[in-house]
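*Asks:* Taken in order, these protein sequences are the chains called A and B. Just so you know, the working numbering puts the end of the first sequence at 153, numbered straight through with nothing missing. Just so you know, the working numbering puts the end of the second sequence at 522, numbered straight through with nothing missing.
FYI, nobody ran anything at the bench for these hints, they're computed from the structure. You may find that some hints are simply not true.
Over 10 angstroms on every C-beta distance to chain A, these chain B residues come out as not near it, computed from the model [said to hold, decoys possible]:
#1 Lys103
#2 Phe189
#3 Lys297
#4 Pro398
#5 Asp514
The list that follows gives simulated cross-link-like pairs (lysine-lysine, DSBU-like), each with its CA atoms no further than 35 angstroms apart [unchecked claim]:
#6 B:Lys283 with A:Lys93
#7 A:Lys35 with B:Lys283
#8 A:Lys93 with B:Lys465
#9 A:Lys15 with B:Lys60
#10 B:Lys283 with A:Lys69
#11 A:Lys140 with B:Lys68
#12 B:Lys347 with A:Lys140
#13 A:Lys87 with B:Lys68
#14 B:Lys297 with A:Lys15
#15 A:Lys15 with B:Lys375
#16 B:Lys3 with A:Lys140
#17 B:Lys361 with A:Lys90
#18 A:Lys140 with B:Lys361
#19 B:Lys347 with A:Lys143
#20 B:Lys235 with A:Lys4
#21 B:Lys283 with A:Lys15
#22 B:Lys235 with A:Lys25
#23 A:Lys93 with B:Lys406
#24 B:Lys249 with A:Lys131
#25 A:Lys91 with B:Lys460
#26 A:Lys131 with B:Lys465
#27 A:Lys87 with B:Lys375
#28 B:Lys241 with A:Lys131
#29 B:Lys347 with A:Lys35
All residues carry an ideal CB built from backbone N, CA and C; glycine is no exception.
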Amino acid sequence: MDQKIEDLLAFYSTKPNGLIPFYHKVQEELGYIPKEFIPQIASSFNLSQAEVYGVLTFYADFRTQPPGKNILRICRAEACQSNGCHKLIKKAKEALRIDFGQTSADGQVTLLPTFCFGNCANGPSVSLNGKLYGRVDVQKMEKLIASIQQCYA
Amino acid sequence: MHKLYISKDYSSVAVGADEVALVVEKEASSRSIPLSIIRTGSYGLYWLEPLVEVQLEGTKRVAYGPVKPEDVRPLFESGFLNGGDHPLFIGDVQEHPYLKRQKRLIFERMGRLEPLSLDAYVEMGGFRGLKNALEWGQNRVIDEVTKSGLRGRGGAGFPTGIKWKTTWLAPSSQKYIVCNADEGDSGTFSDRMVMEGDPFLLIEGMMIAGFAVGANKGYIYLRSEYPLAYEILNKAIDICKQKGYLGSKLFGTSFSFDLEVYLGAGAYICGEETALLDSLEGKRGMVRPRPPLPAVKGLWGQPTVINNVITLASVPWILSYGGDAYARFGVNRSKGTLPVQLSGNLKYPGLVEVPFGISLKELIYEFGGGTRTGKPLKAIQIGGPLGPYLPESLLDIPLDYEELSKIKGIVGHGGIVAFDDSVNLAHMAHYAMEFCAEESCGKCTPCRIGSTRGMELMEKIIWGKGSRKDLELLFELCDTMINASLCGLGGMTPFPVLSALRYFPEDFGYSKQDIVAFATTN
Chain A
1 MDQKIEDLLA
11 FYSTKPNGLI
21 PFYHKVQEEL
31 GYIPKEFIPQ
41 IASSFNLSQA
51 EVYGVLTFYA
61 DFRTQPPGKN
71 ILRICRAEAC
81 QSNGCHKLIK
91 KAKEALRIDF
101 GQTSADGQVT
111 LLPTFCFGNC
121 ANGPSVSLNG
131 KLYGRVDVQK
141 MEKLIASIQQ
151 CYA
Chain B
1 MHKLYISKDY
11 SSVAVGADEV
21 ALVVEKEASS
31 RSIPLSIIRT
41 GSYGLYWLEP
51 LVEVQLEGTK
61 RVAYGPVKPE
71 DVRPLFESGF
81 LNGGDHPLFI
91 GDVQEHPYLK
101 RQKRLIFERM
111 GRLEPLSLDA
121 YVEMGGFRGL
131 KNALEWGQNR
141 VIDEVTKSGL
151 RGRGGAGFPT
161 GIKWKTTWLA
171 PSSQKYIVCN
181 ADEGDSGTFS
191 DRMVMEGDPF
201 LLIEGMMIAG
211 FAVGANKGYI
221 YLRSEYPLAY
231 EILNKAIDIC
241 KQKGYLGSKL
251 FGTSFSFDLE
261 VYLGAGAYIC
271 GEETALLDSL
281 EGKRGMVRPR
291 PPLPAVKGLW
301 GQPTVINNVI
311 TLASVPWILS
321 YGGDAYARFG
331 VNRSKGTLPV
341 QLSGNLKYPG
351 LVEVPFGISL
361 KELIYEFGGG
371 TRTGKPLKAI
381 QIGGPLGPYL
391 PESLLDIPLD
401 YEELSKIKGI
411 VGHGGIVAFD
421 DSVNLAHMAH
431 YAMEFCAEES
441 CGKCTPCRIG
451 STRGMELMEK
461 IIWGKGSRKD
471 LELLFELCDT
481 MINASLCGLG
491 GMTPFPVLSA
501 LRYFPEDFGY
511 SKQDIVAFAT
521 TN
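The shape of chain B in the complex, shown without the other chains (with noise of 0.2 angstroms):
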């Protein structure tokens, strides 16, 4: 019986994973060969996608990608199911560079697992992070995760350990944890990822979470674009309920979680952390101002943890390994790995899970092999449709939150769009103004009445209609956003408008000098 992985993740099957999968189901029947496919999660090598990894004899796999459907009967026709040649050969998968170069410690298991298989997460070191913290108690399992250094993975980097502690000293007999799984950044895809392809790691981290603040609930916030996470995190929480992973008085000890999945309904500002809340209350997702943080008075008014995807999803492997382990990745006050998604432009996009400190030119070019049409790269954006546009002449900063922070720049969800030179970065501009203006929750008027401005200003400007006071109210109305914005969303739309702005002033019809006037004050 010959054994035959393809991914199912969603970014797969619109690459016609799922039509491979079929077609050489089809071939082996019709030579009457017995095979079985095992549906994985993606090693997120997307440009492979949709990659086909051949069991041979004992445990060594091979590769052959990007397969379409009518690759298929060639492939066999070269014996690819014994590893014959074929010009779609990738070989070990594991010796990939792309894959060698990575550090993967969240990832470690996306791609080799069948994801809704308990049995095959558990073999591959799954639970030992919730066994330990079961053991060591509530104490220790937040000192680990301080001393990991670990920083909330979603946006704005605050210490996990400390977000916990606050929830954990806050006195009230009913807590909660929350995972903000609305990753409706551009250019993000980790937590879909993990949700699709090793969905345990999620519930485990959450579980962890739980038992170190005092909570038994716990609400994955998911947005809607991701149906396929959907169902796999929906059978996943059943499989654990059954299984006894789930459910009250778990393993023995007092400790009891329970866990439901919520569906958003297509509100990029739901995922900021108060307007998820009141999202995830049935109403309207307005932002909150803060204080009090959620983590003292959170969902109905409980102490709440919110943590990403990515940040519940660190916290296993910190648990198995240790918060020094951890830590030992990393640079300065950037600890640990980051799951890096490059996208955009790029010959190779994909997933990158690399230790803090490696700078943005490997990212671009020894990973993502520069751009995709072969032109010259124009402007990265880093930390999604808030982050700013970043020329060439700066992809030598490391990816650290206190280095980018310096150019303004931001980790953000740590994704990574990349534009060759036929991008028009005024353009750009005025669409971050106008998504701005779409996605406005409207509590706030620098945001709600702010983003509507800029845009007709940026479309002035554009038209070629902008005088200089025209350009004077722009800095004026980016700083007042920035300053008087109750959340992320006003107060960050000005960063990739500005730095559009600073980097790339002939787009906009102005000169380097135009813009030097403003550039001190902004």
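Same shape as in the complex, but just chain A (with noise of 0.2 angstroms):
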């Protein structure tokens, strides 16, 4: 654990409800949250370490591994489910051969899913690296895909 890390940890383990913003923050630091931090996570807020780790995975958002370069997510709720996200999703699985969840071999794109971005009146939505894209048709899930394949080309 770094100083930076450490301090977060001090400062978040004093308020009453501090571990899911204490993991927000190093998540959004490291992009992962190491496993490694759990024994000292669970004494500095005087939890279990099950606790800690309950909290930990619990949650769609944290993960325990470092993700691809790139993060492509895309909706696969009813409401883009009925403007044919299913084609959407094809392509990315097919043009990157991952699964949801999984991070393509050389390391540089995460596919998840989504469940719901509020763009439903815009949809179907998918989100490059937090910028998020509406309407999205194949071309333009092809041309999402090539922008990040290009950059690291």
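Hints given; two lone chains; assemble the complex.
*Replies:* Written out as structure tokens, the structure is:
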């Protein structure tokens, strides 16, 4: 644990509900939350290791492995389904040769499902590295994937 | 100096509002035309986003949309800054039938102002409700909210006045107001629009609630999928603190109120109020058995009002114009207006705030314009992913809590998703079970195990290997989930499944007769 994370831990462990905000901050810093931190987090928060591990794994946002350099999310909730998001999902999985929750072999892209961006009226929705795209069709999906691949070609 | 208005709302930006604003700026500067662009919230006429509004002489504004970056130069050439003619010309948005036919109480300012301008908010009637509340005192505030007939707009539709009264009467020196901003239902976005487009409205609503029940601390539990709302809310709270709208002994009274945004972490179940409380306490979002009600024993065991964004955002209007004025809108026990969110396969998806009582058909066809693909409408889902799938033949039903519940429908958060005839309802029913399996908090067995078994059964049926016994089992399983789950996730997941079976049995490979035998019991 480097100094910055130590400082965050010291700050958030004094709050009665600081664990989730602390995880958010660590993930912002490192891209993931290393499992090695668990004993130290537990002792700082005065919780059992099972409790802090339980919170870490309960929430879809938190991950214990570093993600790919790019994060591609596709909404697969009903409103986007009604506008054909399954075609986008198929395209992305084929092009990247990975399933949801996986990172491409070269470590460049992690593909994640999302259940609603609140962009239902302008769906189907896809986000790339936090930027949201609406009314995405297969051509636009191809362009997005190409734009990632160009970056590391 | 020309004045332009372009939405900064997350959904508008997703279809290029930022790019359009940038190109407009560049084009203007290359023509040496001085202009200022005001980034607003969205009116919710989403099929017209990015919408560019131009201020003409006086107060009149005219709009153009949907504008793509490549449309900007032709717009300049046709003199759009002075209202010039162009194929994208919409005219005065306020006069647009989509907006004009609505009754906007909560969304009255939406799209018209700069979300973070406190002055603009106050100028357009903001904080009048809070001012009245402080003058009238707690008793009358709760009385007005009760008279308004306002019911929780997040899901269950519980009367807000009763909820507030319970917390008010609960003896404790520490009480909380928690805003449930975990809008996770597919097809819903009205909370997001309020938080991004008129954040002071939510803050005012929470302050009124805090004053009414004697709470001095509020939390907005916000889902992490809304980064722009997070940014705007935090800025709005800072502005309120600086200008003396949040803090201790406000406006020379003894009322103090402090507000904080707490970010969720991608768990649908945290929209359920007791799971939300656990999550807000920094734990896993596990459902708590009720009683005790959160109104009596909520956050850290203290009396807590939990209301959804739209519920709280309805309160300032009620306190400005009185509970009776609000109750004049709507029908029966469904009072006031509901911001209905139209999405899915529709020509004109968007936000439609209307009084209760309007028929679903009117919403889908008069506002939504029918399917975007032009194919026949096959089904709508109302009330989120746990709401039923309804066929076209049922769409004469009015928007009304009780009327909808007669056909096992729910108002929920007011989202309606439309599907054309390319949808397979067996797949959607399978998806409902899959969603429940994915999002179950795991506390109770019917939801945790039932959803996985439901998925397996559905897979068998979809692959054409389901026997009559499997169908029987599926109905039994749904029955167990409905009656034995701890909360709405397990208890309502069967609704989309059973409605799909009832109205679209052919999608499962069954005939109407196959289903009829079970339909009477479920």
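*Asks:* Against this structure, judge whether each hint is valid.
*Replies:* Comparing the hints with the structure gives:
{"no.": "1", "hint": "Lys103", "in the structure": "holds, 20 angstroms"}
{"no.": "2", "hint": "Phe189", "in the structure": "violated, 4 angstroms"}
{"no.": "3", "hint": "Lys297", "in the structure": "holds, 16 angstroms"}
{"no.": "4", "hint": "Pro398", "in the structure": "holds, 23 angstroms"}
{"no.": "5", "hint": "Asp514", "in the structure": "holds, 25 angstroms"}
{"no.": "6", "hint": "B:Lys283 with A:Lys93", "in the structure": "holds, 34 angstroms"}
{"no.": "7", "hint": "A:Lys35 with B:Lys283", "in the structure": "holds, 18 angstroms"}
{"no.": "8", "hint": "A:Lys93 with B:Lys465", "in the structure": "holds, 28 angstroms"}
{"no.": "9", "hint": "A:Lys15 with B:Lys60", "in the structure": "violated, 51 angstroms"}
{"no.": "10", "hint": "B:Lys283 with A:Lys69", "in the structure": "holds, 29 angstroms"}
{"no.": "11", "hint": "A:Lys140 with B:Lys68", "in the structure": "holds, 15 angstroms"}
{"no.": "12", "hint": "B:Lys347 with A:Lys140", "in the structure": "holds, 20 angstroms"}
{"no.": "13", "hint": "A:Lys87 with B:Lys68", "in the structure": "holds, 24 angstroms"}
{"no.": "14", "hint": "B:Lys297 with A:Lys15", "in the structure": "holds, 21 angstroms"}
{"no.": "15", "hint": "A:Lys15 with B:Lys375", "in the structure": "violated, 55 angstroms"}
{"no.": "16", "hint": "B:Lys3 with A:Lys140", "in the structure": "holds, 32 angstroms"}
{"no.": "17", "hint": "B:Lys361 with A:Lys90", "in the structure": "holds, 34 angstroms"}
{"no.": "18", "hint": "A:Lys140 with B:Lys361", "in the structure": "holds, 33 angstroms"}
{"no.": "19", "hint": "B:Lys347 with A:Lys143", "in the structure": "holds, 25 angstroms"}
{"no.": "20", "hint": "B:Lys235 with A:Lys4", "in the structure": "holds, 25 angstroms"}
{"no.": "21", "hint": "B:Lys283 with A:Lys15", "in the structure": "holds, 13 angstroms"}
{"no.": "22", "hint": "B:Lys235 with A:Lys25", "in the structure": "holds, 19 angstroms"}
{"no.": "23", "hint": "A:Lys93 with B:Lys406", "in the structure": "violated, 42 angstroms"}
{"no.": "24", "hint": "B:Lys249 with A:Lys131", "in the structure": "violated, 41 angstroms"}
{"no.": "25", "hint": "A:Lys91 with B:Lys460", "in the structure": "holds, 26 angstroms"}
{"no.": "26", "hint": "A:Lys131 with B:Lys465", "in the structure": "violated, 43 angstroms"}
{"no.": "27", "hint": "A:Lys87 with B:Lys375", "in the structure": "holds, 18 angstroms"}
{"no.": "28", "hint": "B:Lys241 with A:Lys131", "in the structure": "holds, 30 angstroms"}
{"no.": "29", "hint": "B:Lys347 with A:Lys35", "in the structure": "violated, 48 angstroms"}
Hint violations for this structure: numbers 2, 9, 15, 23, 24, 26, 29, all remaining hints satisfied.
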